[in-house]
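> Letter by letter, the chains look like this.
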Amino acid sequence: MKPGGESLKRSLTRQYVLLACVPLLMVVVLWSAVAIPQAVRDIESENQRTALLVRAQVELLIAAPSEAAARAATHVTPGTPEPVIRAALSEALDEAQSLESAVLLDSRGTVSIAEVRPGTGVNSSDWEGLDLSHRPFYEKARAATAPVWSNTFLSPLTGRITAVVAAPADGRIVLADLSLDKMSRQIHLPGNPGDVAVIVFDGLGRVIVHPQQQLASWQENLGRTALVQRALSGFSGPGEIELGGKRWLAAVSPASTTGWYVLVAQPRNAMFQPVEQLAGVVGISVLVVLAIVIATALRLAQRQARRYRRLVAAAADLVDDRPGEPDVDLGSEEVHALWAQLRRLLDRSKAQERAARHAQAELQALLDAATEVAIIAMDSEHVVRVFNRGAEKMLGYRAEEVLGGACPLAVHDPVELAQRSEELSQRFRHPVRGWNAITAVAAHFGYEVRDWTYVRKDGTRLSVSLAVTAVKLQLTGKGAAPAGSAAHDAAQRIDEPVGFLFVGTDQSERERAGELELARRRAEAASQAKSEFLSRVSHELRTPMNAMLGYAQLLQLEDVHKLDDFQRERVARIEAAGWHLVTLINDVLDLSTIESGNARIQMDEIDVGLAIGESVRLLAPMAETTGVSLNVSLPPVGGAGGDVWRVQADSTRLRQVLVNVIGNAIKYNVANGRVDVSVHASSTELAAGAAVDGRSPPGGGGAAALHNEINDNRRGLDPPPHARRV
Amino acid sequence: MLLLAGVVALGGCQPPPVRIGFIGGLRGRLSDLVADGRNGAQLAVETLNEKGGRQRYELMVHDDEPDAGAIGALVDAAADRGDAFAVGPMTSSLAAGLLDEANRRRFVMISPTANSGALSKLDDYLFRVAAAAGPGAERLAQVAIDRGLETAAVMMDWRNRSYSEDFAKAFAVKFQALGGTRVEYVRYETRFDPDFADVAAQLLASHPKIVLLASGSIDASMVAQKLRRMDPKVALAVASWTAHDQFLQLGGPAVEGALVLQPLDLDSKAPSYLDFLRRYRARFGMAAGPAAALSYEAAMVGADAMKKTSPGRSLRDVLRVPGDWPGLQGPVVLDRFGDSGNRFFLSEVRGGRFTMLGDAAAKESRDRQADRP
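Just so you know, the protein sequences line up as chains A and B, in that order.
If you're matching positions, the first sequence starts at 0 in numbering that gives the first Met the number 0 and goes up one per residue.
If you're matching positions, the second sequence starts at 0 in numbering that gives the first Met the number 0 and goes up one per residue.
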């Protein structure tokens, strides 16, 4: 559908006017077809009539001289005295005023007697004696039995163009010289001389009479014109002739007896005069009718256009969601139907528009939700069509800065881009520059995932994993077009990417996590090495300790070489210290075991009091050495455990804990201080405590768990006294 | 509309027609010569147009009948109207009268017949295709002496004084130089309706053996008739100006035996000349006289020279370069003054027609042409 165009009013007006003009035009054409040929025929008839009329005049004009010469000739007889003949010749001049002279030729063609009209500038003596026997007309005159006319010639006496009539006179000839000027003046031209031209020409086509008598005097010759040539050939009639640079409609008629011809002509444009007169009337009528037609057409067109303008206004209201007129008068059933269809179309269009807008919003929201992923879409001209919030965040550009414009190539590291260009140029064997360095692979293979370095708006750099996907139109239809066909070419064009989708993922976090993992693994390896070292060292230490303890026990059990008490006491202490060292070694082993993740807890039902007693006995020497009193308080068992405090625990670990805690309480106590070890049960647990300076920890015992509480009065701990709960 | 525009555009591409003027007296006693000249120029223009080409030619005829005081108006009218050049004038006196105005207006005139010696060797705007009158007159003197005609009388048409006087003097000088004993001069003025019987009587007063008539054909024929009636034996000789059929028709038996100078070889078999004669008769219904042929040549020389003009090289510049131009009986030779060579022939009236005086005379004429400076 063509956009724009002229208005409906103008179009309808033109159509109405054209419709009205067709009959007018037909009338004018028909009238022209009838009137113009008729005008030509009228002019030709008029010319013919005029030619006949003028010919009659010419014949009358030349009849008089001819008759005068003939009458004079009758007076010429053998023996007629000269005066009589002179009188006859004079009488001829009197009878025909167009004659200038009348002479008698003797039998040899010499002028014997001449009479000349006074005032012509010629004397009788000029004529007399002239030998005219060599004149072209002489032989014709001699053979004639009646007066004959000559063609025109230059008069030797007057120096003017003239013609003569020769009448036979008893073996001699009476010759009368005609004044063509006089004859021309005597021809009565019908109508305006400017409208009708009468030309008389002789048998050679030389002009005798002409509206411009000068042309006659100039011996103008019309022999070149077709009409005159035809007339000279004996075929007179109407035709066209060019005179004075104008075309004339002419008719030629021969003037009998003279051998001359009468040509009557009217300017060719004269035939349009009646046509023009009638054309004036017709023109005015046509103008009036045309004015009425235009006015009517304008009103009709206005009415029609108004209806369509209402239709347009209603459609505009609908498009802009304005209320508009409830009932629009659209004039005709067809326009109403058009409006109904238009309305359906608009409703459907608006629904589709809403759906599209919603889908667009959803898509945009979806894209914007990906705040950690840069999504950029670009068409084949590298104009940015999509720039999501993730891209904004990643690159530092706002969407409105880049949407609709060429995507700045500066977002890519130029060095990296140059390297990639070089690489792809070698690969594809043709230069790959600019954006093509990023999209070329995707254009060929559909997609490419590659790490790139983005340069943010602020100049900082960002490592991204960029997935470039070529966007292509999907062809629908059966089969593939044959190669070389237009359809195939079109398919190839369609197979070309119409744009590219860039999805960039920030690689910074991933790289940082990798570094941390590596550090962790290194630390773990170091820890493992340390644990392994400790384990090996502990193992190596325990082996000699076993020997030492074994021998210490053997010393105590020696029966042959019994030890005294002092020695036994010392050996006992060695053994105790050895066992303590073993315990320390075990602790180190436990620590290494725990650190290496190989610690094992073996839960059994054990007696807490026994564990405390063993621990206290183990630490008693240390307490004794440091002057710290060590008191154990085991309240009676009130629960279901019977006589002992039985709990579910790993006995080894519990003893380790008790030795460590009580040992620390001793080690870091004040001089002469006190460490109280107690056990009490709560409702849910059993507590064992060590009270420092006799202060007991709060709480009671329980059946399900044990609280072992150790109170001390260590210097390094802030009051209230440190309490360790196991 | 497109078609109309195309037609208009094509019409617009048509160069304006070249207007060729014609200056000559088409009325009066000399009009036979001039009408022949007009017809010859007319045929030349029609020939140029028939040859095709986009360039059209028009012949613009000027009458030389204005008052003597306004004679320069002929040149002004032609120059003002934009005529490229003019063929004419046909008489030497008119040419002499127009010369100053033509030089002032820088308007080129190419005369077919003006051959007065007074117009020779002038650096002017007049170019002439006819040979100068003097050598022809001298040739007549030679023939008269050869025939034993030792006394002569010369009639001069004082209206064309420039030619008549020059012709008469050339004849007399040569005639007397060759042994002629006496030359009498009689002059008359055609405009005053002369009594030719009286003129004839004056000519015969000294009883000349030969009468030389330096006038137009009509006057010469009329005088010849009078002379014959008074002295049937007197020999007649006429200038080339008189070489016209009218002389034969009006003179009749009275001009039998007259020596007539011809500017062209009437017996020439040159194809272009024969073609010209044929086309002239077909066009005008009569035989072409020498004046018509010379006028045809003058128009053709001018049109041919027009084609060689260029900005900065006028028609006069082209014509002033000595050289040959196309003619009906061979090249028309113009020198740097625009004067033609000694091209004339001698004929005698025999049996009512001009008879060329044998091959020897023609050869002599051709030899003279070959010996031209």
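Keep in mind the hints are simulated off the structure, nothing from the lab.
Any given hint might turn out to be false.
Some residues of chain A that are not near chain B, with every Cβ distance over 12 Å (derived) [said to hold, decoys possible]:
| # | residue |
| --- | --- |
| 1 | 129 |
| 2 | 413 |
| 3 | 457 |
| 4 | 609 |
Computed footprint of chain A on chain B, listed as stretches where at least three residues anywhere in the stretch have a Cβ under 8 Å from a Cβ of chain A [to be verified]:
| # | segment |
| --- | --- |
| 5 | 21-28 |
| 6 | 221-229 |
| 7 | 285-292 |
Here a beta-carbon is modelled for each residue, glycine too, at the ideal position from N, C-alpha and C.
> Indicate, hint by hint, whether the structure satisfies it.
So, going through the hints one by one against the coordinates:
no.	hint	in the structure
1	129	6 Å, violated
2	413	59 Å, holds
3	457	66 Å, holds
4	609	129 Å, holds
5	21-28	holds (count 4)
6	221-229	holds (count 4)
7	285-292	violated (count 1)
Taken one by one, the earlier hints fail for this structure at numbers 1 and 7, listed in ascending order.
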